[in-house]
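4 protein chains.
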Amino acid sequence: MKKINVGVVGAAGYSGEELLRLLFNHQFVEIKVITSRKYAGDHIGEVFPRFMEQSIKFSEPNVANIINECDVVFLALPHGLAAEYAKPFIEAGLKVIDISADFRLRSLEKYKEYYGCDHPAPELLSQAVYGLPEHYRNDIKESSLIASAGCYPTSILTPSIPLLKAGIVSSKNIIASSMSGVSGAGRKVAVDYIYPECNESARAYATIGHRHLPEIEQELAVAAGLDNIVINFIPHLVPLNRGINSTIIYDATRECSAEEVHSILSATYADEAFVRILPLGKQADIKHVSFTNICEIGVSYDARTKKIIITSVIDNLTKGASGQAVQSMNIIFNLNEKEGLL
Amino acid sequence: MKKINVGVVGAAGYSGEELLRLLFNHQFVEIKVITSRKYAGDHIGEVFPRFMEQSIKFSEPNVANIINECDVVFLALPHGLAAEYAKPFIEAGLKVIDISADFRLRSLEKYKEYYGCDHPAPELLSQAVYGLPEHYRNDIKESSLIASAGCYPTSILTPSIPLLKAGIVSSKNIIASSMSGVSGAGRKVAVDYIYPECNESARAYATIGHRHLPEIEQELAVAAGLDNIVINFIPHLVPLNRGINSTIIYDATRECSAEEVHSILSATYADEAFVRILPLGKQADIKHVSFTNICEIGVSYDARTKKIIITSVIDNLTKGASGQAVQSMNIIFNLNEKEGLL
Amino acid sequence: MKKINVGVVGAAGYSGEELLRLLFNHQFVEIKVITSRKYAGDHIGEVFPRFMEQSIKFSEPNVANIINECDVVFLALPHGLAAEYAKPFIEAGLKVIDISADFRLRSLEKYKEYYGCDHPAPELLSQAVYGLPEHYRNDIKESSLIASAGCYPTSILTPSIPLLKAGIVSSKNIIASSMSGVSGAGRKVAVDYIYPECNESARAYATIGHRHLPEIEQELAVAAGLDNIVINFIPHLVPLNRGINSTIIYDATRECSAEEVHSILSATYADEAFVRILPLGKQADIKHVSFTNICEIGVSYDARTKKIIITSVIDNLTKGASGQAVQSMNIIFNLNEKEGLL
Amino acid sequence: MKKINVGVVGAAGYSGEELLRLLFNHQFVEIKVITSRKYAGDHIGEVFPRFMEQSIKFSEPNVANIINECDVVFLALPHGLAAEYAKPFIEAGLKVIDISADFRLRSLEKYKEYYGCDHPAPELLSQAVYGLPEHYRNDIKESSLIASAGCYPTSILTPSIPLLKAGIVSSKNIIASSMSGVSGAGRKVAVDYIYPECNESARAYATIGHRHLPEIEQELAVAAGLDNIVINFIPHLVPLNRGINSTIIYDATRECSAEEVHSILSATYADEAFVRILPLGKQADIKHVSFTNICEIGVSYDARTKKIIITSVIDNLTKGASGQAVQSMNIIFNLNEKEGLL
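Residue numbers (our numbering), protein chains in the order written: chain L, 2 to 343; chain B, 2 to 343; chain S, 2 to 343; chain Y, 2 to 343.
Worth flagging that the hints you see were computed from the coordinates, not collected in a lab. Some clues are possibly wrong.
[As the list claims (entries may be wrong)] Restricting the straight-line Cα-Cα distance to at most 30 Å, the calculated cross-link-like pairs of lysine-lysine (DSS-like) are: (1) S:Lys339 x L:Lys58; (2) Y:Lys58 x B:Lys283; (3) B:Lys173 x L:Lys307; (4) Y:Lys4 x Y:Lys33; (5) S:Lys4 x S:Lys339; (6) Y:Lys113 x Y:Lys88; (7) B:Lys3 x B:Lys142; (8) Y:Lys58 x Y:Lys39; (9) Y:Lys3 x B:Lys339; (10) L:Lys283 x B:Lys173; (11) Y:Lys283 x Y:Lys173; (12) S:Lys283 x L:Lys189; (13) S:Lys283 x Y:Lys111; (14) S:Lys283 x S:Lys307; (15) L:Lys142 x L:Lys339; (16) S:Lys189 x S:Lys88; (17) Y:Lys166 x S:Lys307; (18) L:Lys166 x B:Lys173; (19) Y:Lys173 x S:Lys173; (20) S:Lys173 x S:Lys283; (21) Y:Lys339 x Y:Lys166; (22) B:Lys111 x L:Lys283; (23) B:Lys33 x Y:Lys283; (24) S:Lys283 x L:Lys33.
[Unchecked claim] With the Cβ distance kept under 10 Å, some of the chain L side facing chain S (calculated, not the full set): (25) Phe25; (26) Asn26; (27) Glu47; (28) Arg51; (29) Asn242; (30) Leu279; (31) Phe292.
The C-beta atom is built at its ideal place from N, Cα and C for all residues, glycine as well.
With the rest of the complex left out, here is chain L (with noise of 0.2 Å):
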């Protein structure tokens, strides 16, 4: 087969040194170009000493040779920036998916809202498709630009799309406590983030109004077929490097069992490689999925407040950012859904 071109742009940070783990070990993948403004011209090894014994260099961003070389590019950027990048190579034909949270929202005021700026390329909104496979495959399939779903997103998605769907849980009072690893804040240098601060802490911040609400709350409506849901969503910061989990508590809409919500769950994924649904006494823990693309899920029932207890994990560099890319690169190209993903 002959192997896909493969560029990142912005390849230095957590996202990128993961979505170059997965690449480099993908066998129908060639990564022709990495870019950094930071590290232009430093090879990959002095930056990912991981990475050492391969042979690419970081390069400016160069939108006409990546256009030349390449037939998908992954942008692990800040928000903003991607969308900047995605409308050339859009144009000329290549394959876009972006990690970023800019081809997410289906809203421009919610962008405006959460991100505190206009959209930077609003024309290319309707070709976006949201990044979630197991509820998006088909149209990902179909589509150059992916938005590829957010890592608190996908954790709490992947559970409660098909809750809402089989009307078995409330759209409101919706609850989703989540705590995240410290490479979720991504490779930021700030006080907050050096090794004491966050070593024998656990914190809670953005209690209100967090940049993955809107997110979540547009793919919840969509699931629950409703213009609108609001919910409470609150992350937390623990000392681990990688993985998230999201304890998120749903009102039941009638008197069920955990065993009903269990089979509902086991239903819609029997057949998906990346979500995992525990059996019924057993809960989520990151230390399962690190390193892998899984998404786990444990389920709970307590009636006697007639609530729905869902803990969902995922390893956020990879089934929340990187590794859910490259499996939309497996999509699209129509490859094993799998392929360097195991």
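Here the structure of chain L is known, so what remains is to put chains B, S and Y in place on it, guided by the hints.
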């Protein structure tokens, strides 16, 4: 001032170690007896090298001897055992401060339901005072049997009691999602708690029916003036040694604001040395309270969902166990409540 | 290509888990049997939820069955036990790759001195090849019994063998100060290894006479062409899951330079996929090699003291155990040595 | 007793925080001034929420004001800066306890070689006393300028000085392999110190020529009665917040035994509150000394190689910095040396 003669029964676990750390530095305390069946005869430094310069040895728990030597005895024993020891000490006129769960529940049925056995000393229950000093200070002063509040309960009750009393939060729909460091499991030797199983891990457990649940619900009901409250309490294990973070989500009973919630809590705890209400916009962090007896509380209000969101942290071994027990001792013996705790 | 049928005896520890992780992803391997006395009958997902999607179960170790089913068997057993199992497998024509220490020492006296019992299968010793592929590749290819090199020894021998052979370091005064993550202790349930005893801790142990010492000295002596070498090897336990860092200090035999040392190591390992010599000025870091089969080496020279200082890191479960064992299997079966290891 | 009025210049780093923790609990101290250019005007609770209940604010460093208010000033500043501040304070009759490295080296050449600039106040050097109280207690009592000993040096010198003085270890071939928690790098915001770069990592750095090297060698030479000693000191960064473990390997000058080494150290430190010599067979562990001012020492002797192996641990922020500085203050002001340190 004459020193208080203190005994610690079951001193070889983490609560025992923390209790000894505090008591060795307490200027009005003399530790007379520390017991451990496992380590009887061993110098304290063999079990806790940190205390090698101290001169005391572990002994078998000898009730007569403790009665002879001590004014107050701390019970740092598994539930069930504590109640058996309490009786002779109380009859002999000692003050008993129990760190176990044995005397926390008013209901014998709940005890049996959650602890799986009949209560070992039901005749003592009426004498027991719930050891949450900020809310039971006067009762503690008069009592000979303190059922020192549990770790998760302390973190949840401290913010919840004033909010329920003020009527600003509903008694329905309360959700407490908590995280605990691994010392919360005690010095238990089980595969689930070895380092590689806990590090780079985060997991919920006992999502339904944790043993601390009836204790929390009992005291919430007292605060609300109700017979009964049911809540969801979902504990998680996270990779740190010490600390609990409880994020609690309440339905507001009416339109309100973070400012209003903040002022209720600030007013309640204005004169308390061990409760810290953070300025608005800041969230509680375990690292702020480790090795202290402080409960730190952050406040948010989500006007979209009418939910009040509280983050509350303690050191599980200090305010959640041994520090709080010493605080009760200080009250009983008319000392400055902060003595030995700063 | 016909798949290699593989058995793993003693698959429920950390080395076993890592071996399964590698073998499940190895395109030329089919895992036929995994044994565990403790978990016999359990599906693999009950012991390692990470493998829930796999279909295999643990069974009692049944020698006849393994002989029927397998071409090669990995022994991930405690020392003593491994040697007993090896015999029937070898007689039946299977290849045996032993991850334990049972066949690493040439000297029965050393075995008895360090392991406290007579060697259980001395008649097999002459067949055993020391499983450090970079230095025993041709012997491994021909052998039916591989004594896969230990974790600390791999980290120390990889840089030391070429330096001794080159004569640039003295065989006297070698000091290896190593740090290991807690998985190095195996999945052992003991109070010393529970999370709160290891986190925020760092401690030396077995400062004299660690069991890996005779293995290291034996292979150093081979490299130096001497009957015997004595060194100081001082292991430490540090709070991380995976990885070993060995800092090794040698007396230079003559005035030299870091450049010279670097060129000796670079020349030796120029064609090796799994040894990385860092550029001068960089030091080895466990995080560069976690979840890889690479030994990464940093070089310094102190002209003031005439000491050569090497830092050498591996993942103790991969290059230090299961990855190295798979590397040997690849050699035996004429596969690309990197198969399944990248 | 009249309280000692204390100023802390540069109080916003980790050493500053630890100093404040100790001084707030010191019954004979009143903190009058804390300075920080960055946080001038901020309440202490904004920088260190742990101290929210304290009433002091950070101010710009105002020399005249500090002279007016204080009896003693601690300098917790970067090297270079400290020396500039010391001069006016000493001239005004204040006691100065410097936690930086500025006054530790007797040799201006070494200062320039290792710190890259001329010494900023060479005229003060002759007044400075090296702040290792166990060995310079009488000089500290009389001095106005304490160059408080560095963290790595404290861990290495405490066991080494008595052994060199006793002549049982050679001054040649001394090797110190140390590990430090990340707070040892200060509250420095750099990519190397963010959580995901340090967690699951362990790495050597500055294997040749660390800045603490000349300080260690200077004091070893004093102990040995020599003009000069050269050693190898190899520091490593490991994933914990607080603590240093130094493993030191010496050539014995003659046949000896662990018992003999142990008795030399035990005799030297028999009356010292802050040095703990472990029983033979036990090794030092960082967790035994965290949040204490103790240096804990373990002893081994390898008869095969004639090497004495010492493990020595401290809390880098307490005995390695601020606790030791308070110990010196207690000596200067004729207090019990343990005041505020237990």
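Evaluation of the provided hints:
no.	hint	in the structure
1	S:Lys339 x L:Lys58	23 Å, holds
2	Y:Lys58 x B:Lys283	19 Å, holds
3	B:Lys173 x L:Lys307	12 Å, holds
4	Y:Lys4 x Y:Lys33	11 Å, holds
5	S:Lys4 x S:Lys339	16 Å, holds
6	Y:Lys113 x Y:Lys88	19 Å, holds
7	B:Lys3 x B:Lys142	19 Å, holds
8	Y:Lys58 x Y:Lys39	12 Å, holds
9	Y:Lys3 x B:Lys339	22 Å, holds
10	L:Lys283 x B:Lys173	27 Å, holds
11	Y:Lys283 x Y:Lys173	26 Å, holds
12	S:Lys283 x L:Lys189	23 Å, holds
13	S:Lys283 x Y:Lys111	25 Å, holds
14	S:Lys283 x S:Lys307	19 Å, holds
15	L:Lys142 x L:Lys339	15 Å, holds
16	S:Lys189 x S:Lys88	27 Å, holds
17	Y:Lys166 x S:Lys307	25 Å, holds
18	L:Lys166 x B:Lys173	26 Å, holds
19	Y:Lys173 x S:Lys173	15 Å, holds
20	S:Lys173 x S:Lys283	26 Å, holds
21	Y:Lys339 x Y:Lys166	26 Å, holds
22	B:Lys111 x L:Lys283	25 Å, holds
23	B:Lys33 x Y:Lys283	27 Å, holds
24	S:Lys283 x L:Lys33	27 Å, holds
25	Phe25	8 Å, holds
26	Asn26	6 Å, holds
27	Glu47	9 Å, holds
28	Arg51	5 Å, holds
29	Asn242	9 Å, holds
30	Leu279	7 Å, holds
31	Phe292	6 Å, holds
Every hint from the earlier list agrees with this structure, and none is contradicted.
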